[in-house]
Structure formats: structure tokens, C-alpha cells
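Below, each chain spelled out in residue letters.
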Amino acid sequence: MLGTLQSKLTEDLDKLRVIILTANGPVFSAGHDLKELTSKEGREYHMKVFQLCSEVMSMVQDLPVPVIAEVSGLATAAGCQLVASCDIAVASDKARFATPGVSVGLFCSTPAVAVGRSVPRKVAMEMLFTGHPISAQEALQHGLVSKVVPEEELKDQTMSIARRICETSRSVVALGKATFYAQMNLERQEAYRLTSKVMVENLSLGDGQEGIKAFIEKRKPTWSHGNKTVH
Amino acid sequence: MLGTLQSKLTEDLDKLRVIILTANGPVFSAGHDLKELTSKEGREYHMKVFQLCSEVMSMVQDLPVPVIAEVSGLATAAGCQLVASCDIAVASDKARFATPGVSVGLFCSTPAVAVGRSVPRKVAMEMLFTGHPISAQEALQHGLVSKVVPEEELKDQTMSIARRICETSRSVVALGKATFYAQMNLERQEAYRLTSKVMVENLSLGDGQEGIKAFIEKRKPTWSHGNKTVH
Amino acid sequence: MLGTLQSKLTEDLDKLRVIILTANGPVFSAGHDLKELTSKEGREYHMKVFQLCSEVMSMVQDLPVPVIAEVSGLATAAGCQLVASCDIAVASDKARFATPGVSVGLFCSTPAVAVGRSVPRKVAMEMLFTGHPISAQEALQHGLVSKVVPEEELKDQTMSIARRICETSRSVVALGKATFYAQMNLERQEAYRLTSKVMVENLSLGDGQEGIKAFIEKRKPTWSHGNKTVH
Numbered sequence: 001m002l003g004t005l006q007s008k009l010t011e012d013l014d015k016l017r018v019i020i021l022t023a024n025g026p027v028f029s030a031g032h033d034l035k036e037l038t039s040k041e042g043r044e045y046h047m048k049v050f051q052l053c054s055e056v057m058s059m060v061q062d063l064p065v066p067v068i069a070e071v072s073g074l075a076t077a078a079g080c081q082l083v084a085s086c087d088i089a090v091a092s093d094k095a096r097f098a099t100p101g102v103s104v105g106l107f108c109s110t111p112a113v114a115v116g117r118s119v120p121r122k123v124a125m126e127m128l129f130t131g132h133p134i135s136a137q138e139a140l141q142h143g144l145v146s147k148v149v150p151e152e153e154l155k156d157q158t159m160s161i162a163r164r165i166c167e168t169s170r171s172v173v174a175l176g177k178a179t180f181y182a183q184m185n186l187e188r189q190e191a192y193r194l195t196s197k198v199m200v201e202n203l204s205l206g207d208g209q210e211g212i213k214a215f216i217e218k219r220k221p222t223w224s225h226g227n228k229t230v231h
Numbered sequence: 001m002l003g004t005l006q007s008k009l010t011e012d013l014d015k016l017r018v019i020i021l022t023a024n025g026p027v028f029s030a031g032h033d034l035k036e037l038t039s040k041e042g043r044e045y046h047m048k049v050f051q052l053c054s055e056v057m058s059m060v061q062d063l064p065v066p067v068i069a070e071v072s073g074l075a076t077a078a079g080c081q082l083v084a085s086c087d088i089a090v091a092s093d094k095a096r097f098a099t100p101g102v103s104v105g106l107f108c109s110t111p112a113v114a115v116g117r118s119v120p121r122k123v124a125m126e127m128l129f130t131g132h133p134i135s136a137q138e139a140l141q142h143g144l145v146s147k148v149v150p151e152e153e154l155k156d157q158t159m160s161i162a163r164r165i166c167e168t169s170r171s172v173v174a175l176g177k178a179t180f181y182a183q184m185n186l187e188r189q190e191a192y193r194l195t196s197k198v199m200v201e202n203l204s205l206g207d208g209q210e211g212i213k214a215f216i217e218k219r220k221p222t223w224s225h226g227n228k229t230v231h
Numbered sequence: 001m002l003g004t005l006q007s008k009l010t011e012d013l014d015k016l017r018v019i020i021l022t023a024n025g026p027v028f029s030a031g032h033d034l035k036e037l038t039s040k041e042g043r044e045y046h047m048k049v050f051q052l053c054s055e056v057m058s059m060v061q062d063l064p065v066p067v068i069a070e071v072s073g074l075a076t077a078a079g080c081q082l083v084a085s086c087d088i089a090v091a092s093d094k095a096r097f098a099t100p101g102v103s104v105g106l107f108c109s110t111p112a113v114a115v116g117r118s119v120p121r122k123v124a125m126e127m128l129f130t131g132h133p134i135s136a137q138e139a140l141q142h143g144l145v146s147k148v149v150p151e152e153e154l155k156d157q158t159m160s161i162a163r164r165i166c167e168t169s170r171s172v173v174a175l176g177k178a179t180f181y182a183q184m185n186l187e188r189q190e191a192y193r194l195t196s197k198v199m200v201e202n203l204s205l206g207d208g209q210e211g212i213k214a215f216i217e218k219r220k221p222t223w224s225h226g227n228k229t230v231h
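Residue numbers (UniProt numbering), protein chains in the order written: chain G, 1 to 231; chain A, 1 to 231; chain X, 1 to 231.
Hints in this document: simulated from the structure, not taken from any laboratory.
Just to be clear, a hint being listed does not mean it is correct.
Copies of one chain are not kept apart here, so a pair can be met inside one copy or by any two copies together.
[Claimed, not checked] Dumping the calculated PhoX-like pairs for lysine-lysine here, alpha-carbon to alpha-carbon at most 25 Å:
| id | residue 1 | residue 2 |
| --- | --- | --- |
| 1 | 94 | 147 |
| 2 | 48 | 94 |
| 3 | 8 | 220 |
| 4 | 8 | 155 |
| 5 | 94 | 155 |
| 6 | 197 | 94 |
| 7 | 197 | 15 |
| 8 | 213 | 94 |
| 9 | 218 | 228 |
| 10 | 155 | 218 |
| 11 | 155 | 197 |
| 12 | 35 | 15 |
| 13 | 228 | 147 |
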């Protein structure tokens, strides 16, 4: 599953503008297959599984297009980690989120990397120590998802965000996404040094100049979606 | 008081599974005794007081068992810092939280370490600059506490979380808690490197394998609570 | 505008106790003038604009007095960044906040430094990728502002916070503000080392001792607002 996700996320990437991760049925994802994690599979196999999992989670943020989680059911353990790793997450009002590994003696330490960077520490710890699920509303309140909508509007509302992204320039979005994650790891002054340079670079992109020109001329911009610069 | 807290928190630690910090009366804790902080006590004494205080606050997060704050009244200054330093905090709907040091000319700079890492920066600054208390609901909204319950349910609800933790493996919880705080200080890729290793280590624990086996066999796990590994 | 802001923010700074940034009309600030950012102005000019902008935003946090944003209308792009950069932000219930640069092909990368440090990552990304505004209530829920009040109470409520700050000691507030931002960049133990020293320093200030004395004697303190120390 992780291998499939990894190859599907990069397949035809050049033709994509936005990726929506969703699921069929009542569960978004329940994380790892516990049978794969018994001692008979061996230590080296386990290491491979968790390394691959971490690669996939990191890849989501490193892709040049926005990745949206569309969550209608239960997202637990690495499934909750996947939601936390996406750029945007839209949840049905019936969705729930949990890190229940502690119940089976396997603390959700890898999910905690993503969840701990999404919600306040106390909320993360209560989820991790008790395994209890939080509701979609609590997930919104604490920042794990960015929007909660009625179950029946989930697909439409997610698609509406995706369509909005498709109206923008691919290269501008790619530059913006990469810069966002890069600057968040820096101290404020360094973050401003990096982003000031990026703003100037963005302005020298064909699409940067076309967008501003169109705005001044009160017309729709015509994007090239490319990285050509103008002088 | 800080000295007592420090020795009590480590006394009989081997027999404990979870610690609840609570108070009798209408005040959870009002922080330092201001009479100890007058100039006649002297600079060296003051330094000792704040070093001890910081040690106690840090110790809460370094203990191998979860520490829950059960807050029914007012928590101010170092008392608010103590709530912010706990792993989990359950508050009565009548609880209030403040960092009012600025009113007596002593800015809550040490409390700000814990409070500033719990709530959004603007909320922290408004609390620190004005000294005004926030309500339990605001504390929940901003991440200072993880749950707010009616006053009369406070003990039961806190105990219910504690009991839930007692159903899990002590060694798994200890590993999970230590790893959580360690990885939160790391950059994402390093955090995944550390936690991937910890997941494999967790799986090699007797309790890691017992938990998964019990899950597959649809029975309750029998924890050893120890650090024995299996092969 | 940025130049004016920069010089006004430091003019007569010694006589100020608190700064309120507000606007006339329905827009708090819409950020950069796009005409200044066309290719005919040139790369070097653009670099100057963004460097100046970053300096002004950083300066807000480096000033020795609290800076409050009073927001009644729309705050977009660098205007939203300015709100995010203030110490405290009070918003009218009709205020809205957006980072819509992506629509004109210029991703809000510099605003993202301040906004990404104020709201959860998913909320920031949805704002940045779609350009859609969030409401005052959402801004409060996610930590971009610290208070939302009815439009007609905006000036009074902001002034009430400002007045509260004027009742405290200038030198204590200056020490507290500088220390807050310094310790937030440090790892927890280092943060406690720094702030413990600052608490002792604060206690040796005349105003530190006067505040505590007044509290014990149940009277109003008489602040010197200076940096004189006592022994």
C-alpha cells in the first residue's frame, strides 16, 4: 500500500495540478497492517516498513503540487499521520481521528511527528496516551484539519478547493509550497531573507508578471505554468 | 513547596503509572511567594528559587509516566506554568488562567517559556502584557488545556483518563513519552529517523509483541510493563 | 508607506508606552502596491521593497513597547502579515484576513513567514493556496488575532488593553517583551536558563522591588519606568 502510494504520487506528476487523497468505505486509513509487525517478520523488515512510511509522509510535503486529504471516516495511527502530513485537509462532520497504538503496545511515535506538529502538545499527548479518538470539530479547533463540512458536501467542497487551485499558476504554486516548508524551519530573520529573495524570483517569472499585468488591466491572467523568467 | 513537589514527584516513581496534580480550595496555584522575592532575600537566593522552579517544570516532562493537571480554580504565574508544563490538563469550566506578574513589576518570563509553547503567540502576549485571566473555554480553544468539564465531573473525568493509561503498558508509555519530547525538538526528517528506530525498538519489546498478538487473537493483552526484548 | 511606518514607529519612541496600528476606511491594509512590482521597476528595486517590508515587520517585534493591531476591515497580503507580526491583535467581528497573492501570480511567501508562525499549518496553506479570506472568528480560533469584538466596541476595547498596559512599568514590559521573543527561539532548557537569569535581573530593578513592596503593603505601586537597579 505504501509502495503503491509512493509510485502513484509521482506518476504523471507533470500533468497534475493538485492531488486529493480519499478512501472508499467508512475508514480513511487505519495505518499499518499489524500482522506485518510481528516478531516473525524480523527487525530488518520492520525498519524498512517505517522508513518507507516516513518517506511517503515526507514526500507529500515535498511534491510541487498541493495535496488535499478528503476524510469521510476514521483515520487512525499512520492514517491519522497521513492526514496530518497533507497540505490541506477537509473532513466530513462524521470523521474521527485517533492515535491508538498504545492499546496494542505500539506507541504511535512516527504518527506523533506529524500530529505533534499539527495540534497543541496537550491535545497530542492525550490522543497518544489514551488512544481515544477526537471528533472532526475538535480536529478543526486544534488545527489537524482546515475545514469541516457536512458529509454530503464533502466531495463538492474538496473539489471546489481543488478547482480554485487549478485557476492559479502551477509554477507559482510550486515555488510557494516549497518555500513555505523551507522557511518554517528557519529562524524569523533568516526566513525573511529567504522569502524576500523568493518574492523577487517570483516577480521575474513570466506568470508573476502576467498575473500583475492582468490585475492592473482588469482581465483574467493567461498562465504559462512554466519557469521562464522575464527581464 | 517546590522542593516538596520535586521529591514527591520522584518518590516511589517505580510503583506509579500516572501522576495527577491537583489542589484543595479555590486556587490551583498562585505561583511564587512574593515575600521570598524581596531584595532582602538577595540575588543568590532568587537565582536558586528560579533554578529549582525550572527544574521542577522540566522534570514533569522528563518523568517516565504521564502527568495530568486537574485544575478546578485559578492557576496564575508559576501555577499557570505548571499547568502548561503537564502532559495533559483537565480543567473545570470554572477554572481560570493568568500570568499577572507584570502588575507587581515582575514580568512572568519563566512562565512564558511554558505558556508560549502552549498557546498562540498573540494570546500569550495579551496574557503577559495585561495580566488578565482567560477562561477554561479559552484555555481549551488555545491549547493550554486538553479538556474542559463541568466542575462536578472534574475528578471522575480526570480519573477516567488516568485509568485508561493504567490499562496500557508502562514501558511502552515511558518510551512513547520520552520519544515525543525528543522528536519535537528536531527537524522533520531527523524526527522521522529517530521515531522509525524507536518504532522498531518498541516492536522488539515483550509488551510490543504481546499487544499485537493479543489484538490478532482478539483477547486482552497481559503486560509485563518491563523492558525485556524478544527476538 | 513602509518608509513612513518605519520612521513613525521609532519617532518619539521614548515617550510612548504602547502603539496601536489602525486604519481609516473599510480596508486595514491591502499590502504592496502591485504597480511597484512590475518588471519595469526592476529587480533591484523589488529587492529593496521586500527587504524594507521585512525590516518593518521584524521591527514591530523588536520595539520595547507592545504593538497592538486594531483591525476593522480587510487585511490582505502584507497587510495580513502586519497583523500577524503585531504583539496583540484586536479585530472587529466584520474583519477578514487573506493572503491572495497566488491569484495575481505572486505567492504570499513573505506574509507566510508571519502567518505560518501564527496559525496552524493547514489553515495557513489553505489561505495561501486558495487566497480565500477567513473571518474574524476563524482568525481568533486559529490564533491570528487575540480578541474579536463587535465593530462598535473596537476602539474602546483596544484602548482598554492599551490603558491596562499604561498602568504597568515601562522598563518591566520592555524586558519582558524582548525576553519573550528571545526565549521562543531557544530549546526549552536553554529558554529556562535565559529566563531564570532575567527573573533575577527583573527583581533587581527598582520597579521590580517597588511592585512587590506595594503588593505586600496593599497599595498602588509608583513606577520609575527606568532601568535603575537596587541592592
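We went through each hint and held it up to the structure:
1. For a Cα distance limit of 25 Å, the shortest separation of residue 94 from residue 147 qualifies both inside one copy, at 13 Å, and across copies, at 20 Å.
2. Proximity of residue 48 to residue 94 under the C-alpha cut-off of 25 Å is found in neither arrangement, the shortest distances being 34 Å within a copy and 50 Å between copies.
3. Taking the shortest alpha-carbon separations for residue 8 and residue 220, neither the intra-copy value of 33 Å nor the inter-copy value of 38 Å comes in at or below 25 Å.
4. Taking the shortest Cα distances, residue 8 and residue 155 sit within 25 Å of each other inside one copy (21 Å), while across copies they are farther apart (50 Å).
5. For a Cα distance limit of 25 Å, the shortest separation of residue 94 from residue 155 inside one copy, 14 Å, qualifies, whereas the shortest one across copies, 29 Å, does not.
6. Taking identical chains as interchangeable, the C-alpha atoms of residue 197 and residue 94 are never at most 25 Å apart, the minima being 43 Å within one chain and 34 Å between chains.
7. Taking the closest pair of Cα atoms, residue 197 and residue 15 never come within 25 Å of each other, the shortest separation being 28 Å inside a single copy and 36 Å across copies.
8. Taking the closest pair of Cα atoms, residue 213 and residue 94 never come within 25 Å of each other, the shortest separation being 44 Å inside a single copy and 31 Å across copies.
9. In the homo-oligomer, the alpha carbons of residue 218 and residue 228 lie at most 25 Å apart inside one protomer (23 Å), although the nearest pairing across protomers, at 60 Å, exceeds that limit.
10. Taking CA atoms no more than 25 Å apart as the test, residue 155 paired with residue 218 passes in neither setting, with 32 Å inside one copy and 36 Å between copies.
11. Taking CA atoms no more than 25 Å apart as the test, residue 155 paired with residue 197 passes in neither setting, with 38 Å inside one copy and 37 Å between copies.
12. Taking CA atoms no more than 25 Å apart as the test, residue 35 paired with residue 15 passes in neither setting, with 37 Å inside one copy and 33 Å between copies.
13. For the homomeric pair residue 228 and residue 147, neither the shortest alpha-carbon distance inside one copy (35 Å) nor that between copies (44 Å) is at most 25 Å.
In the structure shown, a violation is registered for the earlier hints numbered 2, 3, 6, 7, 8, 10, 11, 12, 13, in ascending order.
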